[in-house]
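Asker: First to last, the sequence lines map onto chains A and B.
Each step along the first sequence adds one to the number in the numbering used here, with nothing skipped, and position 319 is 319.
Each step along the second sequence adds one to the number in the numbering used here, with nothing skipped, and position 436 is 436.
It should be emphasised that the hints constitute simulated quantities derived from the structure, not laboratory data.
Be careful, since some hints might not be right.
Which copy? The list can't say, so a pair holds if one copy fits it or any two copies do.
Stated by the list, open to error - List of simulated lysine-lysine pairs, PhoX-like, C-alpha gap at most 20 Å: (1) 379 / 398; (2) 379 / 402; (3) 390 / 402; (4) 379 / 405; (5) 253 / 290; (6) 390 / 448; (7) 188 / 499; (8) 483 / 493; (9) 290 / 278.
Owing to the predicted nature of the structure, the values given are computational and were not obtained by experimental measurement.
2 protein chains.
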Amino acid sequence: DIGGGWLEGKNSKGERGLVPTDYVEILPNDGKDQFSCGNSVADQAFLDSLSASTAQASSSAVNSHNQVGSGNDPWSAWNAPKSGNWDSSDAWGSRPEAAGTQRNTANNWDAAFGHPQAYQGPAPGDDDDWDDDWDDKSSSGYFKDAESAEAGAAQRGGGRPAASSMKLPLNKFPGFAKPGMEQYLLAKQLAKPKEKIPIIVGDYGPMWVYPTSTFDCVVADPRKGSKMYGLKSYIEYQLTPTNTNRSVNHRYKHFDWLYERLLVKFGSAIPIPSLPDKQVTGRFEEEFIKMRMERLQAWMTRMCRHPVISESEVFQQFLNFRDEKEWKTGKRKAEKDELVGVMIFSTMEPEAPDLDLIEIEQKCDAVGKFTKAMDDGVKELLTVGQEHWKRCTGPLPKEYQKIGKALQSLATVFSTSGYQGETDLNDAITEAGKTYEEIASLVAEQPKKDLHFLMECSHEYRGLLGCFPDIVGAHKGAIEKVKESDKLVATSKITPQDKQTMVKRVGTMSYALQAEMNHFHSNRIYDYNSVIRLYLEQQVQFYETIFPI
Amino acid sequence: DIGGGWLEGKNSKGERGLVPTDYVEILPNDGKDQFSCGNSVADQAFLDSLSASTAQASSSAVNSHNQVGSGNDPWSAWNAPKSGNWDSSDAWGSRPEAAGTQRNTANNWDAAFGHPQAYQGPAPGDDDDWDDDWDDKSSSGYFKDAESAEAGAAQRGGGRPAASSMKLPLNKFPGFAKPGMEQYLLAKQLAKPKEKIPIIVGDYGPMWVYPTSTFDCVVADPRKGSKMYGLKSYIEYQLTPTNTNRSVNHRYKHFDWLYERLLVKFGSAIPIPSLPDKQVTGRFEEEFIKMRMERLQAWMTRMCRHPVISESEVFQQFLNFRDEKEWKTGKRKAEKDELVGVMIFSTMEPEAPDLDLIEIEQKCDAVGKFTKAMDDGVKELLTVGQEHWKRCTGPLPKEYQKIGKALQSLATVFSTSGYQGETDLNDAITEAGKTYEEIASLVAEQPKKDLHFLMECSHEYRGLLGCFPDIVGAHKGAIEKVKESDKLVATSKITPQDKQTMVKRVGTMSYALQAEMNHFHSNRIYDYNSVIRLYLEQQVQFYETIFPI
Chain A
1 DIGGGWLEGK
11 NSKGERGLVP
21 TDYVEILPND
31 GKDQFSCGNS
41 VADQAFLDSL
51 SASTAQASSS
61 AVNSHNQVGS
71 GNDPWSAWNA
81 PKSGNWDSSD
91 AWGSRPEAAG
101 TQRNTANNWD
111 AAFGHPQAYQ
121 GPAPGDDDDW
131 DDDWDDKSSS
141 GYFKDAESAE
151 AGAAQRGGGR
161 PAASSMKLPL
171 NKFPGFAKPG
181 MEQYLLAKQL
191 AKPKEKIPII
201 VGDYGPMWVY
211 PTSTFDCVVA
221 DPRKGSKMYG
231 LKSYIEYQLT
241 PTNTNRSVNH
251 RYKHFDWLYE
261 RLLVKFGSAI
271 PIPSLPDKQV
281 TGRFEEEFIK
291 MRMERLQAWM
301 TRMCRHPVIS
311 ESEVFQQFLN
321 FRDEKEWKTG
331 KRKAEKDELV
341 GVMIFSTMEP
351 EAPDLDLIEI
361 EQKCDAVGKF
371 TKAMDDGVKE
381 LLTVGQEHWK
391 RCTGPLPKEY
401 QKIGKALQSL
411 ATVFSTSGYQ
421 GETDLNDAIT
431 EAGKTYEEIA
441 SLVAEQPKKD
451 LHFLMECSHE
461 YRGLLGCFPD
471 IVGAHKGAIE
481 KVKESDKLVA
491 TSKITPQDKQ
501 TMVKRVGTMS
511 YALQAEMNHF
521 HSNRIYDYNS
531 VIRLYLEQQV
541 QFYETIFPI
Chain B
1 DIGGGWLEGK
11 NSKGERGLVP
21 TDYVEILPND
31 GKDQFSCGNS
41 VADQAFLDSL
51 SASTAQASSS
61 AVNSHNQVGS
71 GNDPWSAWNA
81 PKSGNWDSSD
91 AWGSRPEAAG
101 TQRNTANNWD
111 AAFGHPQAYQ
121 GPAPGDDDDW
131 DDDWDDKSSS
141 GYFKDAESAE
151 AGAAQRGGGR
161 PAASSMKLPL
171 NKFPGFAKPG
181 MEQYLLAKQL
191 AKPKEKIPII
201 VGDYGPMWVY
211 PTSTFDCVVA
221 DPRKGSKMYG
231 LKSYIEYQLT
241 PTNTNRSVNH
251 RYKHFDWLYE
261 RLLVKFGSAI
271 PIPSLPDKQV
281 TGRFEEEFIK
291 MRMERLQAWM
301 TRMCRHPVIS
311 ESEVFQQFLN
321 FRDEKEWKTG
331 KRKAEKDELV
341 GVMIFSTMEP
351 EAPDLDLIEI
361 EQKCDAVGKF
371 TKAMDDGVKE
381 LLTVGQEHWK
391 RCTGPLPKEY
401 QKIGKALQSL
411 ATVFSTSGYQ
421 GETDLNDAIT
431 EAGKTYEEIA
441 SLVAEQPKKD
451 LHFLMECSHE
461 YRGLLGCFPD
471 IVGAHKGAIE
481 KVKESDKLVA
491 TSKITPQDKQ
501 TMVKRVGTMS
511 YALQAEMNHF
521 HSNRIYDYNS
531 VIRLYLEQQV
541 QFYETIFPI
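The following block holds chain A by itself, in its conformation from the complex (with noise of 0.2 Å):
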């Protein structure tokens, strides 16, 4: 342990090298391995969301905002941000409490910056819908609270509490529109909340402080329960947190919920991936249930994994409530909070020099740049990856069965030469016929055992890069911001001390954004090291099986 939550060359696979203290001990295949996604409708279920996802990439925009031509790539709009695409037609300083007029403007600017994983809200005829299950019927107006918590004017859809869109879409300033960024930015004094996010230096820069000891989270155990006497069946999962070894059950809209929550709070600063997506039909099937499962056992490690997320109180709460009156109470506390959206950042106090304007836009757009490709080539890899599972699970096998069949075939017609002395010959092509039979079986079996963690750990990376057009667009809201505020220090709208406030306040921002990239970036290579690793050795055993056959 070097401090700060970073420990040398401690992991169980002998490599070398400084790790953060929290994912030490949670390998990410861990919790995977345990399932064998062993069949077809996994596959299907599996491709499906794949496809769904990238077809929700493009076509979210469109059919959520009509009013958006150029929306489709979320990335398209900052990374022009001088081109005019910045909606400006709000002016300057209007209040914040005015914000959930802007509809459109909402809707422009979550077009433009809506990531591909967000979460669409739930799809209409969806019997996870949230009003069917929750007992505690005060709890429907939840979302009443939440807004006004949020001042935001979260988007809905046809009445239902839909939180189809949680990334705070609020137009204030020319060029950012994150609900309360001007109060940030402004305001005379911060108050000082009771929360505290620190940021320190380290040798890698900025990082948040890693906890001492750290905890995943087992997820385990899907039940089918119901209620209203057995009309409504859902599936609810175990939860053991690792160190407390007392289990929690939650269902998929908790941990919807607890989404919602966390991209509430942390969503400005913290990129929160998606969850495996919803899915209508054959939420039962066993496959699809382990599949899940899998994905939701990746997802809360990598919640664990994060110093700010597994330390927050919601999430905590939602891991260790005792009883039901507990996570009522928690939950309602959590829907209450009002250090969320851009205020997060009023927690953070770095302990660092102040940056200048010019240094905090270079590391905003070298994040911009680095994301926006890192999506590209994670994009890259899915569509290539999933153009091989399909071969290798459809036609290649089905063809090296054909292959031998018509070579078993052949041997059977030989048989009945009634010429001696061609036993041998026979069996020869027998055997190489169930070779391949064999080597077909092989190859549809092998993506399962490598190409899929690689594609899983690429797809919850394309989640986790989707959120950062968001963050990277508040960030350069606000820097615009205070660009443009010696206009109105020379105009005496401001002071000059409300600029520094200002410029010191994005500096805890680029702070901030710099200490999350530092985590994604450690994250990102242990990740990759460890598909890839996995992914290589797989391939060598699929090969050295093969061979001796």
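Given chain A's structure and the hints, the job is docking chain B onto it.
Answerer: The following block gives chain B in isolation, referenced to the frame of chain A:
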């Protein structure tokens, strides 16, 4: 040498077993290995030629004989010999000389029994056109001589001397149509020909007598020649028989001439595999020339292996003429040969007891059944092999390449992160990416190393098997004729002695068929042993090569 042209355990690979002496020295892949059939032109031509022969099999009957509806499957007719498929419009006993006028009937026969590999005549516009080639103007009369010798109606295309249908179409008896069949079966006394084709009975049953010394013929050194002051170009191959070591040169059309002579002379008894397809365009491309040479080599080797064909005068003369004059003399002599068609059976004197008709029929049926089944089996293997070939040289390596590139792109993105200590990861991902590119080219090259030979061999067998409907049909026709002869005896049209002669002569045909089948089987076992062994060895080597990468 255990006598009778058979050797025990002599071959160079250390295999033990009885093999005809004529192929111990002639390894079918020796010739092939000399040419690296290595680029896409050859691949395409290879696939084209496979496709072409398949298409030809299914459409030739329809295209060239439009009054035949059910004739698409060359096997269909004699699979149901009692069903009335046999054309019985011709009167029993009509004179063979009238045959030349029976065009429609001939076409029927041709359609019903035409084998898919049958020579379809020169393609229009093919500048391998015979007319352009022979300097010897008088040889334009060659087909006329040949025609009378055949006593058949060689089908013609547009007045050109197209040897289109050398399958001796002629319908004399209900149920069979071989020109000269009646003459062969009914002649009181067959002229004693100087030419003798001995048949003995060995351990494996009736067999041809294998010559004590055998030879192969090396086809090599393709050269472009020209004539008419350079207006016409052609490719000439050097043929060197291994017994004389004296080379002669031949063009493709000379092979074609030989093929026709062999078909005319031996086609009722021995399957003569067709030559590699004609090709109009790209004939001078290096890869095409190499592939054609490889196939001419395979064809030549198979002919040299055959004890009857390799010893025949026409074949010997083709390889051993000393000058242009000797070649022309030999050519004219071959074209005037009268021991052709079913009369070839008159040269055979089995040293064996007479067979009864039931046994003869059973043998014939067994051959028909086996060759049909093997044709189906080989066809299936060719179909799946072709599919696999396409995948292995097309989409599969492209996909590996894409995966390779996607991994390398990801590593490139990662390397721009500015985060320390990820060089190892990025190197590993880059390596994995390069490995995939290597695998891509290994996969793409592999079919040329193994599948190619299995395909070529099966393609050759497809050609051989395509001759059997014709051969078996002739035998069945002869058997039917004998069966019906009781009626003729009853009406005193023939004597009981005549019938005895007929049974004996059909018995000779049966011995010939059995001898040929034994030759066919021993070759089949040898050939498939070689290609399957090579295939498996190459596959193992393929996986061995990938494995250490």
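Asker: If a hint holds in the structure, say so; if it doesn't, say that too.
Answerer: To see whether the hints hold, each was checked on the structure:
1. Proximity of residue 379 and residue 398 under a CA criterion of 20 Å is satisfied inter-copy only: 18 Å between copies versus 28 Å inside one chain copy.
2. In the homo-oligomer, the alpha carbons of residue 379 and residue 402 lie at most 20 Å apart only across protomers (13 Å), although the nearest pairing inside one protomer, at 33 Å, exceeds that limit.
3. Proximity of residue 390 and residue 402 under a CA criterion of 20 Å is satisfied in both settings, with 18 Å inside one chain copy and 15 Å between copies.
4. In this assembly of identical chains, residue 379 and residue 405 lie within 20 Å of each other by CA distance solely across copies; the values are 13 Å between and 38 Å within a copy.
5. In this homomeric assembly, residue 253 and residue 290 come within 20 Å of each other (Cα to Cα) only inside a single copy, at 16 Å, whereas the closest approach across copies is 68 Å.
6. Taking identical chains as interchangeable, the C-alpha atoms of residue 390 and residue 448 lie at most 20 Å apart only when both belong to the same chain, with a minimum of 12 Å there against 26 Å between chains.
7. In this assembly of identical chains, the alpha carbons of residue 188 and residue 499 lie at most 20 Å apart only when taken from the same copy (10 Å versus 126 Å across copies).
8. For the homomeric pair residue 483 and residue 493, the shortest alpha-carbon distance inside one copy (14 Å) is at most 20 Å, but the shortest distance between copies (120 Å) is not.
9. With identical chains, the CA atoms of residue 290 and residue 278 are at most 20 Å apart within one copy only, with a shortest distance of 14 Å there and 59 Å across copies.
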